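Starting from the two chains in their separate frames, assemble the complex, guided by the hints.
Each protein sequence line maps, in turn, to chains B and H.
For the first sequence, counting from 1, position 182 maps to 182 in UniProt numbering; every step adds exactly one.
For the second sequence, counting from 1, position 350 maps to 350 in UniProt numbering; every step adds exactly one.
Simulated from the structure, these hints should not be mistaken for laboratory data.
All of these numbers come straight from a predicted model, not from anything done at the bench.
Every residue, glycine too, gets a C-beta built ideally from N, C-alpha and C.
Please note that the accuracy of each hint is not assured.
Here's a subset of chain B near chain H, in silico, CB distances under 8 Å, partners left out [said to hold, decoys possible]:
| hint | residue |
| --- | --- |
| 1 | R84 |
| 2 | S134 |
| 3 | P154 |
| 4 | L155 |
| 5 | D160 |
| 6 | N192 |
| 7 | V219 |
| 8 | H220 |
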Amino acid sequence: MSDRLDDLERRIDELRAGVRKAMRHRDPATARTLRAELRSAERAWDALVSGEQPEVKAEPPRLVTVREQVHQGLRLLGAAAQPRLIVAVSDAFFGGTIRSAQLTSLRRDEERSFRSSPHGRPYYLCAALTDRLSAARGLLTLSTWPLERRVVGPLSPRVDFLTCAIAVAEHGEEHGAGDGRAARLLVRMARNIPGATDGTFGPPVPGQVAAAARAELRVHAERDTRDRAELAERATAQLGDTARLFGAATLMTIKKENAK
Amino acid sequence: MPSERLEAGRPAPRGEAMSTQHRLDALRGTTPPRPHDARAIAALAANPGCSRRALMDGAGVDKDAAARHLGFPAPFGQSPFAITRGNVFEALVKADGCAELLRMLREALGLPVAEVAYHDVENVGAHLRHAHTRALIDRAATGGQDAGTLYDHPLLTLEIAGHTAYLEPDVVAFQLGGRFHIVEIKSFAVIDGQADPAAVAAAARQAAVYVLALRTLLEELGHDPLQVSHDVVLVCPENFANRPVATLVDVRRQLAVLRRQLTRMTSLDRLLAALPEDVTFDLRPDEDGRPTRPVAELADALRGATARYAPDCLSTCDLCFFCRDEARQEGACDLLGRQVRDELGGVASVAEALGLADGTRDPAVGQEEIARLLRNAERLRRECLT
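If we strip away everything but chain H, and leave its shape as in the complex, we get (with noise of 0.2 Å):
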């Protein structure tokens, strides 16, 4: 499957990749680049289609510290309830050599009952966790004998956008069927074999990006990238108790929408081109880190670059009250969630749709057909109400 190779790494030619840098340096401004972790990079595949987040992003803007200065300040970051459950829920699948996920991988993927050998990455020091991460996974893809099964505590690195970004997975399985399973432990419950599909493809976003990253690995070090499997095993809690149960995940999807996210950030230049040179998000923060650049200033640099707002940006975009309220003043489609978005291509606000439904306003080229449908739809209704 060539398509499933890595195109996000290929260089760009020198002097318009310095540019490309140079423009987004300008972008973020004073401050340092902010790094992204797992969960930035998963939200980035969440929306592929905003060149706002995808510029924001590419610079190293610290979208947080955006929004609150715009007066949009998003209710993030995880409830230390929420956190707690977590790492009892984690440190309990890993319990006794990883006792339940031993269990779980032997009974759900069929793993041979003499493969436990069990490597705590984090034994080396954190300094050193890369290197010896790399090491490891190494010798177990080259086949040596003496290769690991489970891979506790690893670091793994990915480009992003020219800078590197390290990567925690839960824990790296090996030696089902010779190939590399990421294990991501979540703790929201899997009832009766049903779980929160917005909580699962959350998991599985970020579960793509260490896919992602183990096989850009591999590749560096001269194996078949293939062999880190897109299937990653999910480990959450079963129905009302704390019993740990693994379900396969199937993350090709994610991974496309990742590989091709990550690509779009490299050719950042394109997006760059279409915002007028002299641009900039910066917040132009004092000596004690307060911003001082008047608001009014800042929300029109980024209205400059076209946001893509969904609903769904709510959970994953610092921006995202910022964005809403954008949309809500233009009265766009987009509040209405992304179905209604889609089927009401070519239709840009809620107040051209009900003028096309009730026939005030004629049809544009290329409007007929939704046209048509949307006075179908307001005639359906009349008659229902009357």
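With the rest of the complex left out, here is chain B (with noise of 0.2 Å):
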């Protein structure tokens, strides 16, 4: 060890001294990359005299697709949800991998699969529907659940909101709160649902918050289903199955609607 040791001295004295002369010679490209060969050996040299080894971050062992874990989050959600949120759940839950720029593509990679061969998997990853019947922007909904699920009316946002809190806080009190990962989510949920928290620091209670969130949903349930109803009726009557799954042009939709 005392060799290497002295190797890497006489390394770092020379490397010292061609830093000194690219400086002197006003070569500061030559110095910079001098300057951080030096940096690599002092942090050797650190490293062997103190008997440790450099750490190698081990990356968790990825077993599961992308695909497959925003499926397990979705299906964990049970409603359209924004990438954002089925990260920190995948995240939360699942001990996930996946980062939101890596559900960008997502959708259009499905519906490519689904175009070349039409119901080839169990479930695709397809979008919400607005009430023009095109793809809502930045939603994420399974081609599993009823299309009244997958539509989205004035006011399915929030109720897709709500019924995710819920979701997130009965699972958090069935599989117990786990790391802080999945009571931080919580939190985040919790303070924008009216009597979700006691006004208190302290972490909210999963059941309080699905009872807060189930309040506020029987509020709008009723005008909801019943927009969801219509829109999920027009859909089926005019889209075919790719846009179904996936969502129409939007101009086509309204020089149909025009034409008629």
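Below, the structure written as structure tokens:
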């Protein structure tokens, strides 16, 4: 080990001299590369002296695909959700490794796969449908859900949020709080539901969050169910298989509406 | 409140308007007019006394290109980090069906729990956004049962000196006591109830532009324009966390300034009359768009229109460095800020003020009062120093 240390010290001295020379010759590019080498040599020297092996941060093995992780998250939530929320849920409950950026092209890939071999997979990650029957921006749903759950009326964003909050609270209650991530997710959601927290700084009680969300849900449920049923009916009547899953092109829908 | 009504839209007599438009086109020269956005319109209201700016904006001159050609480029444009931060914060506020925004509106303004309907105007595609905004706002103002509460990504228009400017407020909220509120999401922090006054003022001016545009829209649709509240909801991160907090900001003053400025822009003929007939701010770009006009000639043309420089211009106007240089050469009091300039009313330059103070210069008619004050100040200063 001391041989190695000697080598390193010699190398460090050489590099220092090199940096000084490069600076004298006003050659910043060389100086920069030499400095970087010097720093890594010094780090290696530090590690050797203190007897530490440089730590390699282990990437958790990715056993489940991004697609499967999103599916898992959506199944738990049970309502159309934004990638950000899906990532948070996957992270909190399934030790997920996905990031929001990985979800951007997901829907397009799914659509391509569906077009090339329709119904070839047991489920597809697909779009939520707006009142124009086009794909809603930034929302993911599952093809296995009934159409009513996949359309978005005016009240649906709120209803979906409350549904997701109930799901998160109940899952947390059943499986224990686990680590801090699940609790933090619940805190973030509970903050935006009236009556879910009792005004203290302590963690919210999952049962109370679910009850508060259900109370607000009752206010919106009737109108939302009606809106969704109407939208779903229109979607079934007007859209083909692909469009029903991934949304109709906006202009096309408008032309159809005008032609009527 | 009849004074709240919009007066900018009053049509000018036809022949006069034509000649004004003609002269403005001549001022701009060969380049197409530059579209206005909310930031630019808000900046207009920041310095209503500046005829140079009023003329250039009225004609739609590209001030940035002019400043660069003159050799006084303004270090403008938001940093990409600020833009990213702004977008991330906006996404946070609007996440999950505007969950955070609803909480704030419920807590701060008492929005009923049942009011959660959310319409994303962008769903219809970019080219129909304005028409769809009109339809939705009309439905809400008529008081239909299914009027929404939050309208995301609306697109409003405002007529600026004959050109249509397209404006995108962050969110329009309805049903807070049956009135429309503009919601402005900004990413500067409110710390212990205090925010940077300059940032708040800029946000208020920008929101005032949206209020004016929405009021104009309601008026066009035949509704009461006062259905749009003059209180805008300003959403900012609270303290050092990213948690949003909402505050109501009264923009009546900004609205009044803006309206006055827009009226002035429609009555630009008065400003044009003071200019020589053949003056133009044209850069004479060649085929590649590079300006070919001699710099001195352009500078002379610009000096023909009086500017009203104030240090605040540095954060709102592309021409700021040019005007500052001009003010420095003249030794104008404007350099010292608005407050000093107002107190030195009637004294144009720093040299004149110093002359009055040490008595080497006799006050002109009307300057006696300020001369007395200046001499007193000079005496006090001497006493302190000796």
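Here is how each hint holds up against the structure:
For R84/B, the shortest C-beta to C-beta distance to chain H is roughly 6 Å, which falls under 8 Å, so the interface hint holds. For S134/B, the suggested interface contact is upheld, since its CB lies about 6 Å from the closest CB of chain H, less than 8 Å. Taking 8 Å as the C-beta contact cut-off toward chain H, the hint placing P154/B at the interface holds, the least distance being around 4 Å. Hint on L155/B holds. Least Cβ distance to chain H is approximately 5 Å, under the 8 Å limit.
Checking D160/B against chain H: minimum C-beta separation of about 7 Å stays under 8 Å; hint holds. Look at N192/B: its Cβ gets to within about 4 Å of chain H, closer than 8 Å, so that hint holds up. Given hint, V219/B at the interface with chain H, holds; its Cβ is 5 Å from that chain's nearest Cβ, closer than 8 Å. With its C-beta approaching chain H no nearer than about 6 Å, H220/B sits inside the 8 Å limit, and its interface hint holds.
Every hint, counting from the list given before, is met by this structure.
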